[in-house]
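Engineer: Protein sequence lines correspond, in order, to chains A and B. Take 1 as the starting number for the first sequence in our numbering and just add one per residue. Take 1 as the starting number for the second sequence in our numbering and just add one per residue.
It is possible that some hints are incorrect.
Within a straight-line C-alpha distance of at most 25 Å, the following computed SDA-like cross-link-like pairs (lysine to any residue) qualify [stated by the list, open to error]:
#1 A:Lys238 with B:Phe349
#2 A:Lys245 with B:Glu183
#3 A:Lys165 with B:Lys226
#4 B:Lys295 with B:Thr177
#5 B:Lys121 with B:His398
#6 A:Lys222 with B:Gln348
#7 B:Lys321 with B:Gln430
#8 B:Lys381 with B:Gln430
#9 A:Lys245 with B:Glu467
#10 A:Lys199 with A:Lys222
#11 A:Lys222 with B:Ser257
#12 B:Lys171 with A:Pro237
#13 B:Lys253 with A:Phe185
#14 B:Lys321 with B:Asp404
#15 A:Lys242 with B:Asp404
#16 A:Lys183 with B:Pro399
#17 A:Lys222 with B:Gln430
#18 B:Lys459 with B:Arg449
#19 A:Lys238 with B:Lys459
#20 B:Lys153 with B:Gln348
#21 A:Lys245 with B:Ser313
#22 B:Lys253 with A:Lys165
#23 A:Lys181 with B:Trp254
Hints in this document: simulated from the structure, not taken from any laboratory.
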Amino acid sequence: MFERKLKALDYIDWDKVNGNDVQHFRKLVTWLEDQKIRHYRIEDRKELRDINSENWPQTFAKYCSDVACPITTCPLDQLEWLLGFAIRLEFEDDHKNYQQATGNKAKNKQEAAVPCVKSSNPLDNLDFESNDFKNGVNVIAKILQVPQHPNHLITLEACSKIVCKRLNPSALENPNSVIVKGKAFPILEADLGFDMGDKVLNTAAKILRLLYIHDIRDLQTKINEAIVSVQNITANPKTDTKLGKVGI
Amino acid sequence: MYVSTKGVKKKKMVVRQYQEELKYLEKINNYCWRIKKGFQPNMNVEGIFYVNNTLEKLMLEELRNACKPGGIGGFLPGVKQIANVAALPGIVGKSVGLPDVHSGYGFAIGNMAAFDMNNPKSIVSPGGVGFDINCGVRLLRTNLFEKDVAPVKEQLAQSMFDHIPVGVGSKGIIPMTARDLEEALEMGMDWSLREGYVWAEDKEHCEEYGRMLNADPSKVSMRAKKRGLPQLGTLGAGNHYAEIQIVDEIYNKWAASKMGIEEKGQVCVMIHSGSRGFGHQVATDALVQMEKAMKRDNIETNDRQLACAHINSREGQDYLKSMAAAANFAWVNRSSMTFLSRQAFAKQFHMSPDDLDMHVIYDVSHNIAKIEEHIVDGKQKTLLVHRKGSTRAFPPHHPLIPVDYQLTGQPVLIGGTMGTCSYVLTGTEQGMQETFGSTCHGAGRALSRAKSRRNLDYKEVLDKLEELGISIRVASPKLVMEEAPESYKNVTDVVNTCHAAGISHKCIKLRPIAVIKG
């Protein structure tokens, strides 16, 4: 009981205390006052130290109110509060020292979070700026028919998107699931809604619009899927032709 | 000073002759007229209306008749109503009359007006939404062609008629409890989705995603709920209908293809319906509240029928919340009928609705008030846009239209009259700038209901439809002449005017082969 707190306070029998044992309880309270809390003057602690006295409970109650313990109901809770109080006093006595300890510990933890594992993955050791690598990216782009961006890393990103989306195992197995159906829309003739005064800029804006619409379509499809999965639980459409009545 | 309708009418009409009235109207171009300030008292902004030569004659004729001594009873002429709306507090831009404009309660039907949300004087008016709150049109496509449907046309019409109860006092076949209704009012189409009546993709292709989030069923009277409960999943009467239609013409093949319409002859289903007695009761309840609020807050209007309240007043907020509940009711209603139509087709063709590709192309509301962002005089403003007999028509790339229509612009569904054709238009940037992204909603009445009943014979009307090869199932044939094509303006005139004026573009024309109606 209270092992961690007792250990922190250097109580000798920290692992053997039983709060429900009257002797243990009273001994511990006396020890706390004598060693840690020291609220009373030494001569005033006599009654508290008399742990075999019949009046001890009253003494304890008075002690609790003297140290302004907010708990009045259960002695065990009161003891717990006293332990916490003792720890706080102990910390305040020497807080600079303790703060440093926690500070150091936190620092160590942060350092530990940075991986220092030596990679065995050959990709991590690649030189992404080497000509060899750049040429490789360009060859992949050509095979996948991806237009090349001046920054080869962006070209690589585009290639990766195509591979992930169109060339993943399930897409290869069932190509119809990823091939876009429907007719192409003459987007370049469509109304953009505003004019930026430059044909190239307008075309770029149209392409951005398309990308945006594509994202929103994905979102809407997910919303629809969510609705359908809820419907699977809640739906129960009913009709009752007996209720029907044609008016005049 | 409070001016009553009749006061204004009598005073203005008698004092001013038709020729003098015309001085306040200016033709800007072949499709557009301006109504100058002073045409009616206290106009805050100008009015504008879109007409071609034919519609122009109808419009001016109406005004001329009203100027005659003695005049005609009933509503003010549409052009006067547009001007009265321009005199409402907080209106911005212009009071806009669309080509199908005709007199209605307070606001003309085919009138849109926007009010600045940040102006504390701005108002919301139930007359600017109409009694059939969120009346609207939904279009379903199929992968069937005319040759597949023609031989079983009669059976299909009958099957639709059996599934979708029509007429005054009809009751739906989808069982609903009072608790279901409360949930439906709050959730709109999400309720239909949860219960499994519609598909996830339907929501995507519905204005406002089929749910107004500010709906509050607790603001709706018990009376409205009682009227509404048995009516869910029914078409109603009046100009409401469900039609089996054939693609007759494709004007913009790319936009049509985005909507899943590839070829002439393809079969579609159009459902035109609203919030039934529920919405009517919500509007009636609100009008009573607003008359009180007007007295309290000293709001003056040119016409008693333009009852309104400040948007931020309790009455204004209560109306918006209950209107939203009625809008949700209408979406659940159209969703239920979508479900029933799919069932009818599935039974007839022994194929699942999925295999018939019966997707919702779009669902529009043409009687509604919504909070939207618009650019007014170069500044972005939050507006309460009233569209009464007017359809939202947002341009390409607008964030509030479905992703599938980002490149084409919002599909605008224009229901024709019984037996004539219907159209799908798309929204344009010009419409966004000129009419707050609004366009026409249908043909628009040319004859009043009473006049139609007097002048037309229902048998002739039905015979004529038969001659055209249109199967018809109707609950009350004697009221058919009210909805006869002769009672309406020509929808093609209306649509061509919108196209020529640039406020929306023609995309698809549809013609009916079977009609069911109340």
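Engineer: All the hints need checking, so say for each whether the structure fits it.
Structural biologist: Hint check results:
{"no.": "1", "hint": "A:Lys238 with B:Phe349", "in the structure": "holds (21 Å)"}
{"no.": "2", "hint": "A:Lys245 with B:Glu183", "in the structure": "holds (24 Å)"}
{"no.": "3", "hint": "A:Lys165 with B:Lys226", "in the structure": "violated (54 Å)"}
{"no.": "4", "hint": "B:Lys295 with B:Thr177", "in the structure": "violated (39 Å)"}
{"no.": "5", "hint": "B:Lys121 with B:His398", "in the structure": "violated (29 Å)"}
{"no.": "6", "hint": "A:Lys222 with B:Gln348", "in the structure": "violated (33 Å)"}
{"no.": "7", "hint": "B:Lys321 with B:Gln430", "in the structure": "violated (31 Å)"}
{"no.": "8", "hint": "B:Lys381 with B:Gln430", "in the structure": "holds (18 Å)"}
{"no.": "9", "hint": "A:Lys245 with B:Glu467", "in the structure": "violated (30 Å)"}
{"no.": "10", "hint": "A:Lys199 with A:Lys222", "in the structure": "violated (35 Å)"}
{"no.": "11", "hint": "A:Lys222 with B:Ser257", "in the structure": "holds (23 Å)"}
{"no.": "12", "hint": "B:Lys171 with A:Pro237", "in the structure": "holds (17 Å)"}
{"no.": "13", "hint": "B:Lys253 with A:Phe185", "in the structure": "holds (10 Å)"}
{"no.": "14", "hint": "B:Lys321 with B:Asp404", "in the structure": "violated (30 Å)"}
{"no.": "15", "hint": "A:Lys242 with B:Asp404", "in the structure": "violated (40 Å)"}
{"no.": "16", "hint": "A:Lys183 with B:Pro399", "in the structure": "holds (24 Å)"}
{"no.": "17", "hint": "A:Lys222 with B:Gln430", "in the structure": "violated (33 Å)"}
{"no.": "18", "hint": "B:Lys459 with B:Arg449", "in the structure": "holds (17 Å)"}
{"no.": "19", "hint": "A:Lys238 with B:Lys459", "in the structure": "violated (38 Å)"}
{"no.": "20", "hint": "B:Lys153 with B:Gln348", "in the structure": "holds (10 Å)"}
{"no.": "21", "hint": "A:Lys245 with B:Ser313", "in the structure": "violated (41 Å)"}
{"no.": "22", "hint": "B:Lys253 with A:Lys165", "in the structure": "violated (31 Å)"}
{"no.": "23", "hint": "A:Lys181 with B:Trp254", "in the structure": "holds (15 Å)"}
Of the hints listed earlier, those the structure fails to meet are numbers 3, 4, 5, 6, 7, 9, 10, 14, 15, 17, 19, 21 and 22, in rising order.
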